[in-house]
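Take a look at the letters that make up each chain.
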Amino acid sequence: MRELKEKKYTEQSSFNQIKKSTNVIFNVIFLTLGLMCIFPLLFVFSISITSEEALRVGGYQIIPQEFSNAAYMFLWNERGTILRALFMSVLVTVVGTVITIALTTSMGYVASRRTFKLKGLYTWIIFIPMVFNGGMLASYVVVNNILGLSNTIWALILPLACSSFSVTICRTFFRTTVPDALIEAAKIDGAGQFKIWSGIVLPISKPVMATIGMFAAFGYWNDWFQASLYIQDKNLQTLQSMLNKIQENIEYIANNPYGGLSLQQYKMGMPTESVRMAIAIIIIVPIACTYPFFQKYFISGLTVGSVKE
Amino acid sequence: MGKQKTPQKAAKGRRNRWTKDDTELTLLSLPTLLWYLIFSYLPMFGVVIAFKEYKLAPGGHGFLYNLFTSDWVGIKNFKYFFTSNSFAMLLRNTILYNIAFIIISASVAVGGALILSNMRNKRGSKVYQTMMFLPYFMSWVVISYFVYALLTPERGYLNGMIKALGGEPVMWYQESKYWPFILVILNTWKGMGYGMVMYLASITSINQSLYEAAVMDGATKWQQMKHITLPGIKPVFVMMLILDCGKIFNSDFGLFYQVTGGIPASLYTTVSTFDTFIYNSIQSTAPIGQTAAASFFQAVCSCGTILFANWVVSKIDNENRLI
Chain A
0 MRELKEKKYT EQSSFNQIKK STNVIFNVIF LTLGLMCIFP LLFVFSISIT SEEALRVGGY
60 QIIPQEFSNA AYMFLWNERG TILRALFMSV LVTVVGTVIT IALTTSMGYV ASRRTFKLKG
120 LYTWIIFIPM VFNGGMLASY VVVNNILGLS NTIWALILPL ACSSFSVTIC RTFFRTTVPD
180 ALIEAAKIDG AGQFKIWSGI VLPISKPVMA TIGMFAAFGY WNDWFQASLY IQDKNLQTLQ
240 SMLNKIQENI EYIANNPYGG LSLQQYKMGM PTESVRMAIA IIIIVPIACT YPFFQKYFIS
300 GLTVGSVKE
Chain B
0 MGKQKTPQKA AKGRRNRWTK DDTELTLLSL PTLLWYLIFS YLPMFGVVIA FKEYKLAPGG
60 HGFLYNLFTS DWVGIKNFKY FFTSNSFAML LRNTILYNIA FIIISASVAV GGALILSNMR
120 NKRGSKVYQT MMFLPYFMSW VVISYFVYAL LTPERGYLNG MIKALGGEPV MWYQESKYWP
180 FILVILNTWK GMGYGMVMYL ASITSINQSL YEAAVMDGAT KWQQMKHITL PGIKPVFVMM
240 LILDCGKIFN SDFGLFYQVT GGIPASLYTT VSTFDTFIYN SIQSTAPIGQ TAAASFFQAV
300 CSCGTILFAN WVVSKIDNEN RLI
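Line order of the protein sequences matches chains A and B. Note that numbering that gives the first Met the number 0 has the first sequence beginning at 0, numbered continuously upward. Note that numbering that gives the first Met the number 0 has the second sequence beginning at 0, numbered continuously upward.
Do not take every clue at face value.
[Unchecked claim] Capping the alpha-carbon separation at 20 Å, the derived lysine-lysine pairs in PhoX-like fashion look like this:
(1) LYS19(A) - LYS125(B)
(2) LYS121(B) - LYS19(A)
(3) LYS121(B) - LYS295(A)
It should be emphasised that the hints constitute simulated quantities derived from the structure, not laboratory data.
The following block holds chain B by itself, in its conformation from the complex:
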């Protein structure tokens, strides 16, 4: 795909001429280029679905044929999505959950990494890290079974404890007020090992002589943390923050869909996000154009937020910008 773009002009001199080496490198990367083309770039053109009213053309043609012969409807699909009852709720849920996740996960990860790096028994610290990494490797389906074992009303462990203490059992899967907390706790729990280990790696890469010099000058542990460790992990922190902001319109589908048991009606307005909405629409008979509009809206917002976050960082501290 790149060959046409090569500078073929002799005027540019020998150095810029396309060499056998370049051909070989292009060929070597061809399979991956094809993958990118099909699985990354082709879906980007899927945006046209959002501007069409997809109809099956008579005669049993393929999807693309149907798409081309469908009528353009302008922004009708978007209008429908924006004015539907769900839109405000989805927007609120997706953003608020993400903000809570980002703040809490980042604090836990940084706090945990600071403690781990200061622990005197290094072997113990390794064991804790390994233990805390386990949830990261479990799929949400598996976790949803574990959550079910805790929360199911009749036999669940939590209700068993509540009953043993003389309380009233709670119908967890029907009470929406608990779910924001449950989801935040689970998200933090699953990601904390990963986050801590990442910040810990960046703390251990800080030059140790800085600490030695600080101790000689009589700095306390607290002062060392404030003036050496925290500035040291700032680049990674900022990078993670930008990436997280870029995902603020996305949600971890498994967390919202699997853990709640496929989103029962009683929890619908509390735990629905753009991703669960789009997934449900794909599985249902909703017009494909409206689903595409929701999907496209989400993609554009994600792109906008990541560029915006990067712009903000570049204004405050140009060193740490991502792009």
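With the rest of the complex left out, here is chain A:
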């Protein structure tokens, strides 16, 4: 340690740095942890490209014993079902994210205005749901029995469309980064609040919109829970709920026999194990490809969120 301190003063680049050997140990630990975290992606992918025969004999292996594209060919043959589910997933994600951003930023903006007469009331409206909620059953009753949204796309979108957590992030962001003078100037020019929100505040608030939008988009893309409660209609299945359904019954997606096979023979011959994993891959790959680029928005959101009022 003493040697290190000597070195610190002579070598500016390693000022107050840990020892090289410690650094190597830290790197080894984190490389292992990092690999553990991406391991499932590789493992599931390698199962999806292994032949059914090899899976039956040798079990699930990290290195495929025998390559096969049967799973992906099968999915291609059933592309009607798969593409419809994919379309639903994309639709829910896009529509949901847009609605979420609109609801959250408008509320966040209004609650951030210091001169607003109902500011105190709004603070409570936003705060109470953070500590108390009606519970799973009551939400189910509202969506299913009172609003009657079961088996509509809205049951997948609306219950997740807003949250006090993201409203708080927005409010803190607007309060700290949008200067009051800017709003006052716009008001003097005769702009109404809606115009100020959509024309001035939102364009300069892209970072927070990105944060909220990303949280929302990943939330919608990954949601299977709403679907499992509210959706029975096959045509409204998203990819996640399809994956959830075929856990029990893989034959559920085999509808489209070809090559003169009967439906029964077709179902018997389908590469069940690798098909499951192939669908999981279809879900993970878009996430794995996009999240590294949006990671910084998550982090900025987390840091803003942790700023107290």
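Position chain B relative to chain A; hints supplied.
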């Protein structure tokens, strides 16, 4: 909804008068207010279901009509829930799992963030963070497939390894003794990237001149950590702790339900929590009032714990309280 509450009295002066601005702001927030009303506040009144014996009235009326015409039964539903065989088990599981999750996740996140912040190769540290963030973005359904590939008795990877080493294969989905560990490991694994990155962000926001001054005074890395870094991340740590305590009666439904493969009977008493119990009740034909009682009990306890945790923090260290 707020207009009636506005101070209309002229005596309050011009400054407090309701202006066009206020109207516009209220209108702008109206859609979100409606959302809050329907999806946050309306379910809170769902509590009345817990005090009723819900019956279908003859004539095929709507849900609300049936609810209003159902009989009040006082606390009968709660009594039934509290005296059922499941209650003690659910309470124990939910709380113990959460305590384990909170302690282990927080230690891993803080420890990891400390190491990452000290790493000499900043680019490497960024790459590790990105890698570790991946599980956070995977749904429990996807993870349950991965777990299945590891654990399924016949073809699973773990049993393959055990067999290769000459051991006896384990029927993972039937042996309840392993599951507390499996669930804790998975929960830590999924959340560690998120936790580390959050604490790392709070470490990097600490004023660097503090460290420079400490080095000039001859402080070791260890001393710097103890006297600068840890106090620096305390506010975030306390906030996370309060929020986690508020969730101590809730559970990550996907973890308990999906990963176990829908909770097989052999694991029922080991991995059931309030959330899985309520979910199963919704899907089954259990009387809706009893499910509502369980749901309401959970919501009240959550509210109580978060306020209690906040109160404790305010007694110890008033600066860091959340509310």
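Between LYS121(B) and LYS295(A), does the CA-CA distance stay at or below 20 Å? With Cα atoms ~15 Å apart, LYS121(B) and LYS295(A) stay inside 20 Å; holds.
Taking 20 Å as the top limit, are the C-alpha atoms of LYS121(B) and LYS19(A) close enough? Answer holds: LYS121(B) to LYS19(A) is near 14 Å, not above 20 Å.
Would you mind confirming whether the straight-line C-alpha gap from LYS19(A) to LYS125(B) stays at or under 20 Å? 18 Å, holds
Of the numbered hints given earlier, the model fails none.
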